[in-house]
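K.L.:
Here are the chains, one letter per residue:
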Amino acid sequence: MSAATSETSLTGADIVLKALRDQGVEVIFGYPGGAVLPIYDALFQQNDIRHILVRHEQAALHAAEGYARSTGKVGVVLVTSGPGATNAVTGLADALMDSIPIVCLSGQVATHLIGNDAFQECDTTGITRPCTKHNYLVKDVNNLARTLHEAFYVAKNGRPGPVVIDIPKDVQFAEGTYRSPADSMPKSYRPQVKPDLNRVEEAIDLLAKAKRPIFYVGGGVINAGPVASQLLTQFVRMTGYPCTTTLMGLGAFPASDRQWLGMLGMHGTYEANLAMHGCDVMVCIGARFDDRVTGKVSEFSPNSVKIHVDIDPSSINKNVRVDVPIVGDAAHVLEDMIRIWKARGKQPDKAALAQWWEQIEFWRARDCLRYEKTSKVIKPQFALERLRAAISGRDDVFITTEVGQHQMWAAQFLPFDRPNHWMTSGGLGTMGYGLPAAIGAQVAHPDALCIDVAGEASILMNIQEMATALQYRLPVKVFILNNQYMGMVRQWQELLHGGRYSESYSEALPDFVKLADAFGGVGLRATEVGQVDDVINEMISIRRPVIVDMCVDPKENCFPMIPGGRAHNEMLLGPDEKVENATPEDGMVLV
Amino acid sequence: MTARPVLSAPPAIERHTISILVDNEPGVLARVIGLFSGRGYNIESLTVAEVDRDATLSRITIVTTGTPMIIEQIKAQLGRLVPVHRVHDLTMEGPFVERETALVKVAGTGEKRVEALRLADVFKARVVDATITSFVFEITGQGEELDRFIGLMAELGLVGVSRTGVVAMSRGPGGI
Chain D
1 MSAATSETSL TGADIVLKAL RDQGVEVIFG YPGGAVLPIY DALFQQNDIR
51 HILVRHEQAA LHAAEGYARS TGKVGVVLVT SGPGATNAVT GLADALMDSI
101 PIVCLSGQVA THLIGNDAFQ ECDTTGITRP CTKHNYLVKD VNNLARTLHE
151 AFYVAKNGRP GPVVIDIPKD VQFAEGTYRS PADSMPKSYR PQVKPDLNRV
201 EEAIDLLAKA KRPIFYVGGG VINAGPVASQ LLTQFVRMTG YPCTTTLMGL
251 GAFPASDRQW LGMLGMHGTY EANLAMHGCD VMVCIGARFD DRVTGKVSEF
301 SPNSVKIHVD IDPSSINKNV RVDVPIVGDA AHVLEDMIRI WKARGKQPDK
351 AALAQWWEQI EFWRARDCLR YEKTSKVIKP QFALERLRAA ISGRDDVFIT
401 TEVGQHQMWA AQFLPFDRPN HWMTSGGLGT MGYGLPAAIG AQVAHPDALC
451 IDVAGEASIL MNIQEMATAL QYRLPVKVFI LNNQYMGMVR QWQELLHGGR
501 YSESYSEALP DFVKLADAFG GVGLRATEVG QVDDVINEMI SIRRPVIVDM
551 CVDPKENCFP MIPGGRAHNE MLLGPDEKVE NATPEDGMVL V
Chain L
1 MTARPVLSAP PAIERHTISI LVDNEPGVLA RVIGLFSGRG YNIESLTVAE
51 VDRDATLSRI TIVTTGTPMI IEQIKAQLGR LVPVHRVHDL TMEGPFVERE
101 TALVKVAGTG EKRVEALRLA DVFKARVVDA TITSFVFEIT GQGEELDRFI
151 GLMAELGLVG VSRTGVVAMS RGPGGI
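For the record, the sequence lines run as chains D and L.
The first sequence begins at 1 in UniProt numbering and counts up by one.
The second sequence begins at 1 in UniProt numbering and counts up by one.
None of these hints come from the bench; they were simulated from the model.
Watch out, some of these pointers could steer you wrong.
Claimed, not checked - Below, simulated DSSO-like cross-link-like pairs (lysine-lysine); rule was C-alpha separation at most 30 Å, straight line:
no. : chain 1 : residue 1 : chain 2 : residue 2
1   : D       : Lys211    : D       : Lys376
2   : D       : Lys73     : D       : Lys211
3   : D       : Lys139    : D       : Lys73
4   : D       : Lys209    : D       : Lys73
5   : D       : Lys194    : L       : Lys75
6   : D       : Lys376    : D       : Lys187
7   : D       : Lys296    : D       : Lys209
8   : D       : Lys296    : L       : Lys75
9   : D       : Lys187    : L       : Lys105
10  : D       : Lys373    : D       : Lys187
11  : D       : Lys211    : D       : Lys373
12  : L       : Lys124    : D       : Lys156
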């Protein structure tokens with residue numbers, strides 16, 4: 001951009017659009033309202049940036065998350081003041097917990113009305129402060145461009161996260177000068193991306209001497225870009241060590257690789273959790289020792305030396321004390337690890353490693369994801385196995401989920417060989433995430449197959465987004481595992497509350513086939529094992545939004561499971577295992 | 001009921017004085033305080049004022065308590081706030097001075113009034129306001145010194161106290 005243009009006076013609304021263009025934004029997700037009308041007007045008068053009209057602001061955030069996670073770009077949202085901003089809060093909190101780069105612009109009442117309880121006024125920066133990485137209220141149009149560029153920098157650098165910019169309506173009308181991105185670096189925010197090499201050397205030494213090593217990999221590797229996943233895969237294969245990934249890390253290492261032990265944690269595999277429990281050197285890369293992963297912290301991997309790579313220093317030593325902290329970007333650290341491993345001529349301890357793998361294969365032989373095969377009633381695991389078969393070999397499949405049993409089964413049964421193809425609400429556990437996230441992924445990848453694996457309860461939380469899918473001809477597939485219960489709630493009530501199913505049965509469910517029809521999509525239903533394949537194939541072949549009502553066994557529970565307050569070596573493997581005292585008294589309070 | 005496992009002694013609670021250099025922008029104090037309340041950390045004292053008008057920088061001094069792991073978390077969490085430039089744990093980084101100022105109002109007549117004035121002299125507290133029946137003393141020093149003085153005044157007609165909270169700085173030539 002020339003210096004002359006940067007001096008031109010523009011309205012605040014035009015500055016917003018120009019800044020978005022300069023940031024390379026192609027799509028924004030939003031919903032108009034009184035306090036953002038000037039920006040919507042500016043949007044109307046240009047063709048560079050596409051706007052996707054959602055049906056609820058929460059869905060705008062989740063769609064932007066789906067867009068961001070499937071592309072690696074920043075997701076952009078535009079909402080109005082007051083209820084627009086408060087509806088966005090769940091999505092912001094979700095993006096914060098899962099470290100998703102989002103810039104959310106919100107309208108605000110005119111500067112002179114702020115604090116007067118004006119119509120559709122709320123203290124947006126106050127409300128969103130704890131659920132954003134950072135937020136701004138722009139009171140001077142001359143600060144608007146700088147703030148927008150800074151917001152993009154903050155959202156995507158360091159540990160990514162959501163950033164809110166609250167823009168009063170008078171600032172959108174006012175004229176001011178534009179500044180370029182290069183001119184707008186934040187004064188203080190410079191996250192460390194390159195690691196301390198002494199620490200990396202130390203880690204490599206420990207790794208090479210390990211007898212029972214394990215890689216424990218999280219979403220940070222995916223956030224660090226596809227190159228980080230490639231480097232991880234290269235390094236894991238170079239060492240021959242086992243690797244497990246968190247819910248957020250699925251796809252960072254190919255699921256089809258023998259060195260992958262599956263997901264770890266509360267509903268992780270037997271082999272992954274026991275390997276974590278029994279390892280002597282653990283390398284955690286881009287994960288945060290979340291309570292879903294560790295189980296009982298005091299008994300978590302008791303005999304291991306722990307190496308923790310994270311871009312966020314506050315993630316280190318937060319839940320679990322580690323021995324070698326390495327602050328840095330996963331891709332940079334992995335590059336250094338590979339270089340140093342090679343340069344020092346490191347070799348794994350072959351004999352010890354063979355013994356370790358023998359042990360792991362013994363655990364793997366338990367086949368912990370086994371379930372009872374039936375001839376009539378559809379098991380949810382079976383439905384997902386058939387879905388897996390139908391999508392295998394395709395590299396254009398994006399899977400999102402809602403939250404609950406179906407989410408865990410999807411994580412267990414669907415294959416992710418590459419990063420950015422799996423989107424689920426991990427940290428916040430937001431029911432209603434999957435459909436808008438699938439819409440966001442489909443907007444970014446119009447020809448791909450975007451499937452929201454859903455439950456019948458979760459899907460109703462953002463079902464209105466079917467209208468968005470129809471409006472923009474986005475052929476998303478909603479694959480409902482309908483068990484008529486809030487399955488995970490029911491499972492916990494069964495384990496912890498004497499089978500008293502308080503409010504977890506969904507009475508008066510809609511007819512999902514007719515519902516799809518009412519929205520203008522296609523509804524399909526399977527009630528018996530014999531219909532599953534046909535329904536899945538039909539779903540995939542239809543180039544329109546589809547809702548599949550997969551009527552599954554209402555009583556099925558999700559295993560393996562580490563009950564709250566238990567350690568990795570205290571897993572329940574199936575419904576036949578004793579469920580009394582599944583959770584110790586002090587574990588009852590855990591969620 | 002089964003016996004509970006024996007827990008090892010909990011890690012000691014430490015008191016740390018932390019200096020933070022931040023951009024003096026709207027909401028920065030709310031961000032810092034929100035971090036402490038949201039994550040359940042303690043604030044024993046917090047002071048803030050602009051210290052560099054040209055660079056619009058403010059310095060926050062926080063006195064907090066927690067286990068070593070919590071203190072480490074507090075510093076890491078503060079460090080990742082966008083407007084935070086630097087976080088220094090003065091307690092960890094060597095000798096430092098800590099000062100606090102209090103205004104102490106005492107009302108009374110006769111012997112108690114004379115005794116209050118005498119003690120103020122001992123504590124090097126200045127009289128910054130006086131009427132026939134009252135004094136306002138200004139005292140600067142370490143927190144415990146202030147506590148002692150205020151404790152003594154309680155018996156001599158203490159009306160009210162206003163304290164600034166702790167400000168602190170490392171000893172020697174080094175800056176923040």
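K.L.:
Are there hints from earlier that the structure breaks, and if so, what are their numbers?
P.N.:
1, 2, 4, 6, 9, 10, 11 and 12
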